[in-house]
Each structure stands twice: as structure tokens, then as C-alpha cells.
Amino acid sequence: MNATNQNSEFRTRNSEIIRVLLIEDSPGYAEIVKIMLDKIADARFDVVCARRLSEGLECLSTGEIDVVLLDLKLPDSRGIETFDRVYAQAPRVPVIVLTVTDNDEMALGAVKKGAQDYLVKEQVDVKLLVRAIRYAIERKRVEEDLKETNIFLRNILDSSSSISIISNDLEGKILFWNKGAENMFGYKAEEIVGRCKADILYPEDDEETQKTIAGIRSFIVSNKQEISCEVREVTKDGHTLWINLTCTPRLDEKGHVVGILGIGEDITVRKWTEEAWISSEARLRTIIQHDVDAIIIVDRKGIMRFINPAAEILFGRKREDLEGESFGFPVVPGEKAEIDIVRKGGGIAVAEMRTVETEWDKEPAYLVSVRDITDHKQTEEQLRGQALIFENIHDGIIVTDLEGNIIRWNPAAERMFGYYKNEVVRKAVGGLTTKIVKGTLHEGRWNGEMDFNRKDDTKGTCETTVIPLRDERDNITAVFGVFRDITEAKEIDRMKSELISNVSHELRTPLTTIKEGITLVFDGSLGHLNADQEAALAIAKQDIDRLARLINDLLDISKIEAGRMELKKSSVDISSLAEEVLFSFQNQAGKKHIQLKTRLKRTLPPLYIDPDKISQVLANLISNGIKFTPENGRITVGVKDKGKDVEISVADTGVGVSQDNITGLFDRFSQFSRVYGPGERGTGLGLAISKEIVEMHGGRIWVESEVGKGSTFTFSLSRLSQDEIFRAYLTNGLREAAEKNCPLSLVVVRMKNLEKIETGHTREKVFEILREIEGLIARTLRRKSDIVSRYKYGEIVIAILMDTAKKDAQSVKERIRQAIEAEMQEKRWPKDIEIFLGVVTYPDDVKDEVELINKILKGFWADEITGERAAQGGKDG
Amino acid sequence: MDKKRILVVDDEPNFVRVVQLRLEAAGYEVLVAFDGMQGVSTAHQEKPDLIILDIMMPAMHGHRVCEALKKSAKTWTIPIIYLTAKGSKEDEELAYKLGAEHFLTKPYDPQVLLETIKKALDPGAQLTKAEKGGS
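Residue numbers (the working numbering), protein chains in the order written: chain A, 1 to 877; chain B, 878 to 1012.
No lab work stands behind these hints, which were simulated from the structure alone. Note that the coordinates shown come from a computational prediction; the quantities given were computed from them, not determined experimentally. Any given hint could be a false lead.
[As the list claims (entries may be wrong)] Here are the computed lysine to aspartate or glutamate pairs in the EDC-like style, where the Cα-Cα straight-line distance is at most 20 Å:
| hint | chain 1 | residue 1 | chain 2 | residue 2 |
| --- | --- | --- | --- | --- |
| 1 | B | K963 | A | D612 |
| 2 | B | K966 | A | E423 |
| 3 | A | K459 | A | E423 |
[Claimed, not checked] Listed below are several chain B residues computed to face chain A (Cβ distance under 8 Å; list not exhaustive):
| hint | residue |
| --- | --- |
| 4 | E889 |
| 5 | F892 |
| 6 | L971 |
| 7 | P984 |
Virtual Cβ for every residue (Gly too), placed ideally from N, Cα, C.
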């Protein structure tokens, strides 16, 4: 693991100054962002603010900016155009778009167009902001690097007009064909890409070439190394060419086992000269005179005897100056060598030299042909450079194809995941790659934290950025992922939360004792107090309560951070809950002569929520309200039906929050938001916890406020139907039962002849009875994990008993039956009401949810074993 | 009528002491034990009317104390109220599964504690319990 290295790397980067350009027309919000960024200890942010787009663009053109935070709505520009103009001005600077709603199409549009991220203004907190900024910078850097590399490579490939570069897959299908190849073979890229090379280029009669090509292929597949050879190929207009072919396993997109990159040089003339020199020296002279390669005839003493025009150009000197001079390079017939030639104007050309024996002026001599391969070399260097980065970078780099099969896997990835390259290449490794590919193809980019399993079964976490890789023709062919191991950092985070949790527990015990000690004296249980003593103890008590709240809040926050806060959801009548919580503040409000009012919606079906946690949210909002509302004010708790959601609001007539402070309100320890009135101090954690709780329920929380007039805090909760709630219970219960391998029983209570009864009584009466039955069952059940729910639009009342065998469920059923019978007698329910109770147990009676639902709805009641009539109470008496 | 006797099992002497003061002020007689073992043996010897039980204790863990008491013919009828700083969902569920009557967390509200004790000592509650035991 090299997590330590990465940490130190991270720190170095953190200590740099990050220049942020904030283009935002609200001075208040700009101030908040500044304050937030100032709070960061481990990084320094230099924030430049621009109120108008024009100012912002000016800043971008003059200053060096690391990241732009951009509001799309500005006085001088609106909408996506704002982003376009910033991007046009500084395409290399990462942009984070600020938006007001979570579903802003414009912001999403900007992200699609190249913005790195978007942030919802009200939801921005310090952690989120810093994280977004870091990610944006990092991501943009990776993207820019890759883009640059791609463009650079493309240029090199296309500029080598005398070298053909052909890339094909293992079947020989051509995937890429550069300008050099077009010149050499006469085929345009469009006519040949996608076709099979062998069918077109190799002469049908030339078995040797066919064999050579097959040999190259198997050599590359088994040895994964570069190989060169000479082959005969045919041009479009039917000429035969001799090509010196250098084949390398495909390094970038398809990996060495799936493709071959061929670099070809036309050596026809050289080949021909080698074969034909003897036949005619005169003809040889003509040929070499016109050859594109530099040809030098060197005699046995190493003296240059003949120089062709191409050689003059290569050496940058006249033939007259060179002839008679020593050649200066060792000449070995039949060998290829690479030589460096100093050009006349400076700079070094890399050339390949080939030598054959010949005869010149009737004397034995060497024919040396020299070809400038500088371009070719550069391409090679470039590829090698990339390979070096790939091999040595600390971050894991994985390239996969579109099915998620791994193509490349660098040594850092080996260290991180514990798998060697050969173990994973061409395989799709678990959720790792599937997740990457899906996300990336869908979003155009994927990044986030990911948990992974190492080969030795230990777990780790990494921060991941993945982008699609495009081939030479701009089609997405692969996916490229960078993985940074943050396991250790996460572990430290976890230990931190654990420490907070432990410390809080340790603090609680003595605090409990102190509190109880003082309370005992204070409430007179141990004797009478005089007024001063009582006052002194009251102060102590108040601050102990504050300390207790702070510890509780810290515990909550640490639970939330560690992802350990669990919701215990049940069906809850939100209006009653809100009322109950509000009236528990009666005393406190009374002291300040604050009126408590409700505006509730009584007819709402129950919500599926955690009543304790939602009470905590309500209590927090109400106590804040009381705290910030002057004497003779008013607190109103409202419940509104919003169709899909229910909105619960707590409105006060207090001091209000200024617009500038609204954004940071839900941050931890943000107590700057409201002016303090008299009364107890809060912990500064309440709203942050409330926000987390509401969001865990899938809702939202927000505030509207006017300074001096009051604030309204509102949160939304999803309104699931009763049946959906029951199904949710059932699904969860069955899953838990299956996991823990324990039984799950249901006691089902329904009226036998509901339709008939309804004609006799009003539906309200029937449902009142069903509600009473639900209440009765709730009181009969003992364990907290037991749940009472209603199903089929409330017609069926069902008790869900976790971890309860059939036998035990039968005795619970008996208790329920007795309770119902007693109630029937007492309340004198209509005589024609017949109630049936039944028990169904998983896995004894049913094996899945579908069967269970079927059993409840059908079959069950005709079933002789389970249906059992409750004695009709009023009948006899 | 005789004073009801309550056994408080907790390893924090200061805590035990304030609870004792609170309960005595409310008119109960209080017995104390400072670890799980002591708790079980005191319960067997003294047969208190109710037991207040902590979880994290030396010698014997609260859950094991509860289990032992609920399994013994001598002590299974004594209602047990958990009073602990370790208030996780799992602990609560386990406590009820082992047969505890109530589960309270520290710091406690004295009013709630006294009412819970009253409810647990209430003969009506005892009846439900007896009935449950019979089924």
C-alpha cells in the first residue's frame, strides 16, 4: 500500500493557494462562500469575486484562476450562455455551476457541456464546497492532460507522411490508417478502415508474406514485444511494394493481446537496388540518384565515393564537399544500425543505416542507405513515455473495454487491489468495472468514492475518476479510470467518529450523576431550599441540560457521519405527532408568553417515518423558534398536503434570518445566523442534525425568513400510501428473516363480511372500529420490533412479528382475540360485525412475499386452519 | 403496606448513590449491587420487587444478568428495567427478547424513571405477564 505517500502528496497540494473566482451577483452569498473557505485549515483559498459576467471574464483573461464558481443568472448574462462565455474565455479552467434548485436543467446542461460540477446553493456546506473544488481541479487536470496527449499523438501520426501507421485487431481488420499509409498504398482511410488488411494488401501468390504476417501475429501475442521484418505488399494501382514493417503490440486502446500497431516504411527501391545492382551499374546510378533514401557508396577504406541528392539533404552538405571524405560510421554489411546525424543547422536527426556489399568503379565497396527516422522515433518515445507514466504513477490506472473487461492494469493497481495483471486482464472484475463502465457511458464521466475488496479479502476505499477513451475516429472504445487509495484516510475518519462516540458515552455517565444529584436537591426531595439556593441550582441545572444536549448532538452527528444512524420507521399520524411535540413546549413558551398554534391536516393517511427522529426535528425547530421569538410572539406548526409529499412547517414571529445567513444555516456550528435573544443557548448542531434526518427520510428542509418579522422552517416528507407502507414492512421483514434465518409471523385481523356491513353502517363507523382494533393490537404487543400495519386500503389490520415462530404467534393471536372481545363488549360494536383472526408464518406456510400477499388476500379465509371467528361480544349480553 | 424493594445493579458507585437517593425519596427501599455477579446473587437472596440494570459492567454483562434472572424459577417474575448509557437498537431489542420490561437510557428523566417503575410494579402489568407465561 502506498497510502502514506499519497497522503503526503495530498498535503503538499493542500498547502498551495487555490485561487477561486466567484462570479455571483449576490454580495451576501459571495460573503458566505468567502467565510466558508476561510474556515478551512488545511488549504488556503484566495477568493476573487465578480458581480457581473464582464468583470468575471476580465479576471479570467488577466489573472491565473484555478477554479470558477459560477452563478448562471447574472445581471449581464443569463442561462447556459453564461457558461458558454466563460468556457470560451478560459476553456482550461474548471467551472462549478451554482444553482438554486436541485433539479436545474440549465446547471445539468452546463455539466454536459463541460462544467465540472454543479452545487445547489442552499445545500452548500464547507465540506461539500471544498470537496467540489478539489475534485473539479483534479478532474479538469486529468481531462486536459489526456486531451493534450491525444492531440499530440494525432499530430505525430498524421505528420509522418512517409511512414505508414496502421493499427489493426487480431483478425487483421484495419482500425486506423494514417496519411502516410494513404500515400504509400493509394487507399484512402475511408475505403480501407474496417476491412481486412490481408485481403487487400498481400499478393495472393506470395505464401511467404502470408506466413511472415501470421508469424508476426503469433510472436506478438505470445511475446508481447516489438518485431520487425520485410514484407511484400500491393498498392491500389497494382504495384508491388517492399515494406519494412515494425509491429508493436497495441499499447493504448486495445492492449497488446488484442491488436497490432504496424509502422511501415517503403523500402522497395532499396530492396530493388540490393537485388539488382549487379545487372547494371549505370542503371544502379540512375536508381540511386532518384531514390528518396540517402545513398552513399563507401569504399573499403571508409571513404565516401558517391553521394546521392537525398544524402546531400540529410547531411546538409554538398556532394562535392563530402566525396573523398571519411564516412565516419562503422560499416557492417547485412546489418541495420541506428545513427545520429548532426544537421547543418544544429539538431540531431536519427537515422537508420543499412549496408550491402557492392562494386563501385570495378572495386568492392559498400552501398549504405540511410533513412531519417526522427519522426518515427518521436512517436516511439511518446508511446514509451506514456508507458512509463502508466507504470510508475502512484494511482491505480485501469482501462477496460465497453463490456468492462480489463485491458490495462498498472502496477499501482496491482498494489492497491492485490491482483496481478495477468489475473485480471480480459476479465470483468466484480462491481468495480461494471459500475465504472455504466456510470461513465451514461454520464460522460464518473467519479466518487468506491469500496473494494482486495484479493486477500481485506476491504479498502478509493476515490475514483473515470472517463471514456475515444479512438482515432472519435468513437468511444474504452474506459479509463484513475483510482486513489483513500482507505487509510477513511479509517482515520472512522476512528475520529468512534472517538467522539466513546468520549460522549464516557461523558454521559458522570453527567447523569451530576444532573440527578442537583435535581434531587433542587426539587426538594431531600429537604427544603431557600430562594437563593434554588436559584443557584437552577442555573447549574440549565447548563447541565445544555451540556447533555451538546453531547447528544455530538453523538448524533458522529452516528450520522459513520452512517450508523438507523431509522425505525412505522406508520405515524404526522398531525398528532406535531401537536404532541408542540404542546410539550407549553411550559417553556408560557414563560415568554408565546402563543402556540397549529394548522394541521387531520385527514392525512399515516406517514411511514421514524417518529422519534421526526419528533427530534420538530422539537429542534420549535425550541429554536421559541428561543428567537420575543415575548408575546407566536409559534405556528402547520401540516400541509402537497400531493406526493407532506410539508410540515414551524413558523415563528421572531427576529428572522437575513438573506446572507440563510445559506450557512444548516451547517454545523453555524450560530452566526440569528441574533440571540435571551434564554438558553443552543449547540449549533440542531439544524445540521435536522437536515440529515429529513434527508435520510428522502425529504428536504428549507427556510423562508424576513428580518424582524419571523422565520418559517419547512420540511417535506414523502406520502407513501398505507399499502405501500405495509409492503415496505413486509419486504424488509422478510429480507431480515431470510438473512438471519429466523421465522416471521403475521397475525391478520379482518372483518369477514365487510361489504355487507358497510351497507348497514357508514364506512366511517367501520373504519373507526378498524382503527380501534389497530390500537388494541398495538397495546397488546410487547416488543418494540413488533409492528402493526393496515393493508388493502386499511381493511385488514396486520401485526408483523419478527423472529416469531408459528406456535408463539398463535398465543399472541389469542391475546389479541381476548382484547378484541373485551373491547366489543365494552364499546358495544354493531352486532353483525364478525371478526376473523389468522396466523401465517414464513417459512412454514409461505416461501416468499408473493405467496404471503396471496395468502392474506385470498385462500386464507376459506382456510379452515387459520380463520377463527372471534366471539361476538354483544350477542349474548 | 410494605415498602417495595428495588435492586439497583450498576458499576458506577456515584450513579448508584443518586438513584438510591431518588428512589428512597420516592418511598422505595433500595438494595445495591456493583457488578453483574453481585446483582444475580443479591436478586436470589433478597427477592426484590424490581431490578434496575446497567449493561456495561465487570464480572457479568447486563444482558447475561437479565438472561440468568429470567431463566431462574426463583427470579423470573421480577420485572427488570434496563438503565444504561449504551442505548443502541440492538441492545434494546436484545433486552426485550431476554424478557426485560422496560429499556431506559442515561441520562434519565427522574419523572419517567419513577413512572416506569410504578408501571412495572403495577399488578395489572403483572397479570399480563403471568398470562403470557402461561400461554
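Status of the hints after comparison with the structure:
Between B/K963 and A/D612 the CA atoms are separated by roughly 17 Å; this keeps the pair inside 20 Å, and the hint holds. Straight-line distance between C-alpha atoms of B/K966 and A/E423 comes to about 43 Å, which puts the hinted pair past the 20 Å bound. Among the hinted pairs, A/K459 with A/E423 is consistent with the structure: their alpha-carbon atoms are about 19 Å apart, no more than 20 Å. Satisfaction of the interface hint for B/E889 is found here, the shortest Cβ-Cβ separation to chain A being roughly 6 Å, below the 8 Å cut-off.
For B/F892, the interface hint holds, since its Cβ comes within 8 Å of a Cβ in chain A; the closest pair sits about 5 Å apart. Of the supplied interface hints, the one on B/L971 is violated, with its beta-carbon coming no nearer than about 11 Å to a beta-carbon of chain A, more than 8 Å. A least Cβ separation of about 4 Å between B/P984 and chain A falls short of the 8 Å threshold, and the interface hint therefore holds.
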